[in-house]
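As they're listed, the protein sequences go chains A, B, C and D.
If you read the first sequence in my numbering, its first letter stands for residue 90, the second for the next number, and so on.
If you read the second sequence in my numbering, its first letter stands for residue 90, the second for the next number, and so on.
If you read the third sequence in my numbering, its first letter stands for residue 90, the second for the next number, and so on.
If you read the fourth sequence in my numbering, its first letter stands for residue 90, the second for the next number, and so on.
Keep in mind that the hints were calculated from the coordinates and are not lab data.
Hints are supplied without guarantee of correctness; some may be wrong.
Identical copies carry no separate label here, and so any pair may be met within one copy or between two of them.
[Claimed, not checked] Okay, derived cross-link-like pairs now, SDA-like style, lysine to any residue, Cα gap no bigger than 25 Å in a straight line: (1) Lys164 <-> Leu339; (2) Lys196 <-> Ala343; (3) Lys294 <-> Ala313; (4) Lys196 <-> Trp355; (5) Lys196 <-> Ala362; (6) Lys224 <-> Glu179; (7) Lys223 <-> Glu252; (8) Lys294 <-> Ser378; (9) Lys164 <-> Val433; (10) Lys294 <-> Ala131; (11) Lys224 <-> Ala161; (12) Lys223 <-> Glu402.
Protein chains: 4
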Amino acid sequence: MTGRIPVAVLGATGAVGQTFVRLLDGHPTFQVTEVAASERSADRRYGDIVHWHEGACPGDVADLTVLRADPAMVKAPVVFSALDASVAGEVEAAFAAAGRVVLSNAKNHRMEADVPLVVSEVNAGHLDLLEVQKKNRGWDGAIVANANCAATVMALALAPLHEAFGVRSVFATTLQAVSGAGYPGVASLDILGNVIPEIAGEEEKIEQELGKILGSLEGGRVIAASFPVSAHANRVAVEHGHTVCMSVGLDRPATPEEARSVFESWRGASVCAGLPSAPDRPVIVRSESDRPQARRDVDAGDGMSVVVGRIREDAILDLRLVVLGHNTVRGAAGGSILNGEIMVRLGMIDSPS
Amino acid sequence: MTGRIPVAVLGATGAVGQTFVRLLDGHPTFQVTEVAASERSADRRYGDIVHWHEGACPGDVADLTVLRADPAMVKAPVVFSALDASVAGEVEAAFAAAGRVVLSNAKNHRMEADVPLVVSEVNAGHLDLLEVQKKNRGWDGAIVANANCAATVMALALAPLHEAFGVRSVFATTLQAVSGAGYPGVASLDILGNVIPEIAGEEEKIEQELGKILGSLEGGRVIAASFPVSAHANRVAVEHGHTVCMSVGLDRPATPEEARSVFESWRGASVCAGLPSAPDRPVIVRSESDRPQARRDVDAGDGMSVVVGRIREDAILDLRLVVLGHNTVRGAAGGSILNGEIMVRLGMIDSPS
Amino acid sequence: MTGRIPVAVLGATGAVGQTFVRLLDGHPTFQVTEVAASERSADRRYGDIVHWHEGACPGDVADLTVLRADPAMVKAPVVFSALDASVAGEVEAAFAAAGRVVLSNAKNHRMEADVPLVVSEVNAGHLDLLEVQKKNRGWDGAIVANANCAATVMALALAPLHEAFGVRSVFATTLQAVSGAGYPGVASLDILGNVIPEIAGEEEKIEQELGKILGSLEGGRVIAASFPVSAHANRVAVEHGHTVCMSVGLDRPATPEEARSVFESWRGASVCAGLPSAPDRPVIVRSESDRPQARRDVDAGDGMSVVVGRIREDAILDLRLVVLGHNTVRGAAGGSILNGEIMVRLGMIDSPS
Amino acid sequence: MTGRIPVAVLGATGAVGQTFVRLLDGHPTFQVTEVAASERSADRRYGDIVHWHEGACPGDVADLTVLRADPAMVKAPVVFSALDASVAGEVEAAFAAAGRVVLSNAKNHRMEADVPLVVSEVNAGHLDLLEVQKKNRGWDGAIVANANCAATVMALALAPLHEAFGVRSVFATTLQAVSGAGYPGVASLDILGNVIPEIAGEEEKIEQELGKILGSLEGGRVIAASFPVSAHANRVAVEHGHTVCMSVGLDRPATPEEARSVFESWRGASVCAGLPSAPDRPVIVRSESDRPQARRDVDAGDGMSVVVGRIREDAILDLRLVVLGHNTVRGAAGGSILNGEIMVRLGMIDSPS
């Protein structure tokens with residue numbers, strides 16, 4: 090345990106909470122020392138109440154007693170929050186006010202002007218907003234948000250294009266996995282042999298968050314990227330992995346070959362290089378005409394890479410392509426952890442002495 | 090049996106062939122008197138060799154002996170063709186040359202200049218091309234094509250908008266059912282828990298066929314509608330029903346409410362009214378925010394209506410919406426049968442004396 | 090409307106409640122005049138609060154105001170109960186005490202000695218228990234239970250064998266549809282690409298209820314059939330239709346051919362003949378080696394027939410076979426309605442004057 | 090490459106063939122130096138023609154040129170055969186006659202008296218049959234078969250019970266994954282939302298092979314275990330993992346607790362201990378009431394362990410339980426590889442000098 094930073098997982102029994110516990114098992118920098126959940130789970134052994142979804146719950150975490158999600162109960166200096174949006178707003182703020190670094194998956198604080206909304210390789214630099222946040226809020230802690238799962242996947246595919254050619258407009262249709270809705274989430278009667286052509290609030294999140302993520306930090310605020318996004322969100326009978334079909338308009342037109350070359354050389358923010366959760370390649374290009382596929386490509390880069398394929402011309406804009414990413418890893422818990430690793434590297438989170 | 094027109098089904102053992110047999114069971118105008126299939130099925134009892142998919146094979150057809158798909162063997166004056174594209178080109182032409190009316194589901198002849206490509210309510214008037222066809226080809230018979238299944242569903246949603254406002258551009262992402270690939274078609278290992286982001290040739294068919302269907306017949310030829318279509322085709326784990334997410338640009342901008350009103354009042358070509366396979370409403374609008382859904386709405390209008398929902402504004406073009414239609418009924422066999430019913434009504438197919 | 094008996098559906102918003110509403114739409118004997126549900130749905134328009142699953146909600150029922158499930162509020166003399174087991178016990182008893190005929194789908198009263206547990210064609214004669222029930226309970230109303238969905242399907246396959254050969258022992262493995270768990274019921278994350286080898290309480294219900302259903306009514310009580318049942322219950326990714334694999338030991342050994350002949354000639358209790366919900370054949374035998382199949386055979390007899398197939402010898406007992414039935418129709422709402430139709434025919438429910 | 094034994098994979102493009110290639114990637118003892126497939130694939134680059142299913146094809150194998158499955162072309166002293174049964178009989182015999190050790194997944198030779206049918210931990214001792222085989226056949230090579238996938242999973246659960254208590258009779262219902270049918274295998278139209286209650290020939294294989302596997306080798310022949318097996322085979326919409334519900338009769342009755350204890354202490358044939366593909370525990374017991382589950386437990390022990398759960402009393406025989414195993418790993422390629430590792434350890438396969 091020496092040398093590892095103690096962390097707490099808030100909302101630890103849910104689908105994203107479990108993913109935090111799973112991904113942090115054996116992590117070289119962080120160690121889960123506390124788990125917190127709702128009132129009715131408090132004071133019970135984590136392993137006894139969690140309905141564990143994948144493989145087996147790590148034994149040391151299983152033995153932890155579940156705490157209430159309250160900074161008076163939870164002592165860790167760093168908290169990964171998988172809290173539901175219905176409570177995340179207040180609870181996360183309370184933790185930040187109590188001096189903790191909160192890495193949040195909830196939507197509540199994402200669009201606040203002084204909260205960095207960070208997809209690590211895309212805009213790690215936005216973490217500098219924390220200075221503004223601390224000043225504004227008068228607290229010692231911090232809230233760093235990661236983005237909506239579909240927005241995260243799209244941001245990783247759009248960032249290389251935006252940097253190289255300038256993105257001018259985006260059409261996007263998502264085919265999203267059921268794990269994105271948490272557990273129990275989508276009822277089997279709703280999705281077996283079916284497509285649900287709506288995910289409440291998702292299209293708005295995609296449209297808003299992409300602008301902020303791909304925006305530039307100037308004078309203590311983020312100037313949002315200004316391209317319009319037309320999003321169509323769908324739920325499909327897939328366990329993990331959001332597929333997004335996109336048509337992209339560019340400021341400086343590019344051929345599919347040029348775009349491919351940009352994707353293949355892109356590594357994103359250099360601060361990520363070599364971090365434990367950083368994939369070798371944030372964007373992997375597959376050349377087969379029928380890839381990426383959710384079930385077959387979702388674990389690329391241990392779930393931290395997005396996979397791009399079918400880069401081709403578009404009849405209206407410039408390029409058409411398909412991008413796939415792991416919604417609960419890259420688009421949720423894994424993204425938060427990578428943000429935390431960056432903050433340790435940058436000294437924004439103290440290492441144990 | 091008196092009064093019914095004898096018809097043959099070519100390719101009768103496949104998925105679309107079976108749908109023809111099922112939909113024609115008890116039909117008031119047509120009676121299946123012959124079934125034809127590949128050489129290796131010939132001379133056997135249809136009921137013995139067909140791997141029947143839905144419910145039970147109608148008894149009178151089950152007892153038919155399978156013929157070779159050859160106009161020398163098949164006598165019916167009208168043939169519904171569910172032949173595979175690998176053979177449909179020549180065989181259908183042979184039947185037309187032998188004086189038969191061929192209603193084809195294959196792609197082979199669709200884009201030929203003198204072959205009407207007909208989605209009944211949209212462009213029944215294109216049947217007038219048959220005069221040109223007969224003159225060009227020097228045959229007494231005729232080939233009438235119906236469109237690709239996804240193109241058919243889209244055409245029914247676009248036609249009311251095109252008539253009312255003029256369509257200027259279309260983004261479309263399809264989520265297509267496995268039955269569109271025939272039987273055995275898509276391997277279960279490819280589609281369980283997965284999305285396949287490619288259907289070979291489908292995007293090109295959609296882009297080309299829509300222009301012809303929504304084009305105008307002038308001076309013996311179809312002037313294609315000229316709007317660009319950006320199509321993204323996907324296969325999903327749905328049995329029947331193609332879902333299409335569309336963003337549509339219009340010549341004369343319209344609000345979602347205006348579009349909805351246009352859809353609700355649209356009935357299409359008046360020649361369809363009251364025909365046995367014509368739905369009361371070719372386009373049904375649902376107002377729930379999570380409809381249409383493939384499994385729940387695919388049988389609207391006995392599978393002959395398309396269902397439109399989620400009509401809303403678009404950030405780039407004018408409107409976003411979702412449309413769903415039954416791919417093997419509306420998009421294949423049912424569409425052919427309705428075309429045949431129109432031809433009977435117009436005297437292009439002789440009624441029995 | 091004259092001539093139809095007014096009925097109420099209790100628990101009308103759930104999956105089985107909706108099935109009642111759907112099956113009773115246009116029913117010649119019964120008319121849904123009231124719908125009741127939980128407190129929080131009361132006083133609202135049914136069509137506004139029901140999350141309707143299949144097709145469209147019948148318009149006249151959609152316009153009803155939802156009542157509380159209380160005999161002081163609900164006036165109909167006949168109530169079909171789709172209440173959850175957590176409340177069904179008391180509420181159904183209150184309705185019976187208030188003089189109403191309650192046709193119940195809940196497990197609460199099934200195994201009570203004076204409550205008939207009726208699978209119509211198998212043991213309609215058990216309705217005579219109602220005399221005992223009225224005397225015991227001192228009420229004018231009645232409670233008639235139908236059986237667990239899997240037990241119902243099995244009972245229809247075992248009854249012909251029991252009558253002809255005597256059943257001595259049964260091994261049964263069920264592969265049950267998700268709709269058997271109601272809505273939202275089974276989480277999609279639990280069942281996509283998965284089998285759940287447990288349905289809480291189901292094996293016990295099957296083992297107990299089969300004995301009572303196939304028992305004989307003697308001296309005012311049911312002498313349970315005494316054969317042991319070894320049940321293995323599983324949930325599978327099927328929407329509707331429970332498949333059951335059975336090995337059956339018989340008192341008088343029979344060949345598969347003899348069993349098949351018995352199934353094909355069996356029509357069950359003659360009181361069912363010609364009733365609106367009675368299928369022509371309660372048991373249909375299919376001879377194809379790969380049938381019955383849930384998706385393809387679930388609607389046999391409008392969902393009121395069970396389908397038997399693969400009748401073959403068993404290495405340990407006498408016969409192996411597969412039976413399939415529609416769990417929410419035959420195994421729930423449809424079974425209750427057919428029981429009600431019998432009661433009307435027998436004068437146990439008054440017809441309107 | 091020094092020190093590794095060169096091996097060939099026959100039938101390398103199919104589902105099991107790919108699993109061989111995947112599992113042998115980085116194997117410490119074996120190295121894939123040749124791949125063979127049907128005539129039409131010969132002379133092409135493996136990576137160019139294989140439709141790879143999981144992750145990415147190992148690069149060194151991708152670069153191999155596909156050979157014809159002929160001992161004149163293929164040089165490796167050890168061949169893993171994933172050949173289809175239509176050709177495996179002759180081809181495997183030809184390789185054995187040419188002095189090669191053939192580890193076969195096909196059914197062709199399994200029930201021949203001098204061919205060991207080996208589930209490693211259960212009956213590694215049957216490899217001694219090879220002496221008889223060599224004498225009988227007059228060849229220097231050998232054929233070792235592994236069992237049907239469902240039979241393998243069952244054998245691993247039955248062996249501990251058989252050793253401890255004696256198995257007297259078995260009822261078994263399988264719920265088998267689609268990957269067991271190879272690729273393309275089961276059509277998606279057949280399995281989406283469905284159960285297929287038949288797998289041609291499977292029930293017979295299970296009944297016969299279990300007797301041989303659990304039999305004893307005496308005097309140069311296997312005396313089959315004599316208990317009857319009643320098998321019901323089903324295909325379900327699961328990608329990988331066969332679930333089997335079993336009722337088991339024992340010679341010396343045991344309680345569920347005693348059975349559980351036996352499973353937990355069982356390690357099987359000691360020759361397997363520590364081999365690269367041998368799991369720490371061939372049988373893992375899970376105590377949750379709803380496990381094992383195909384999607385969640387299939388990869389236990391890297392796919393080489395079977396998982397047993399729901400051990401409980403049976404109303405007719407002694408015990409009921411559920412067992413799950415990975416059909417293409419444990420039940421096919423992985424089982425063959427472990428058999429090969431045993432043969433190296435025992436000197437039946439020569440190590441490179």
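Now for the hints, and whether the structure bears them out:
{"no.": "1", "hint": "Lys164 <-> Leu339", "verdict": "neither (48 Å within a copy, 55 Å between copies)"}
{"no.": "2", "hint": "Lys196 <-> Ala343", "verdict": "neither (34 Å within a copy, 33 Å between copies)"}
{"no.": "3", "hint": "Lys294 <-> Ala313", "verdict": "within (14 Å within a copy, 38 Å between copies)"}
{"no.": "4", "hint": "Lys196 <-> Trp355", "verdict": "neither (28 Å within a copy, 41 Å between copies)"}
{"no.": "5", "hint": "Lys196 <-> Ala362", "verdict": "neither (27 Å within a copy, 51 Å between copies)"}
{"no.": "6", "hint": "Lys224 <-> Glu179", "verdict": "within (19 Å within a copy, 60 Å between copies)"}
{"no.": "7", "hint": "Lys223 <-> Glu252", "verdict": "neither (30 Å within a copy, 58 Å between copies)"}
{"no.": "8", "hint": "Lys294 <-> Ser378", "verdict": "between (30 Å within a copy, 17 Å between copies)"}
{"no.": "9", "hint": "Lys164 <-> Val433", "verdict": "within (18 Å within a copy, 55 Å between copies)"}
{"no.": "10", "hint": "Lys294 <-> Ala131", "verdict": "neither (32 Å within a copy, 35 Å between copies)"}
{"no.": "11", "hint": "Lys224 <-> Ala161", "verdict": "within (23 Å within a copy, 63 Å between copies)"}
{"no.": "12", "hint": "Lys223 <-> Glu402", "verdict": "neither (46 Å within a copy, 39 Å between copies)"}
Hint violations for this structure: numbers 1, 2, 4, 5, 7, 10, 12, all remaining hints satisfied.
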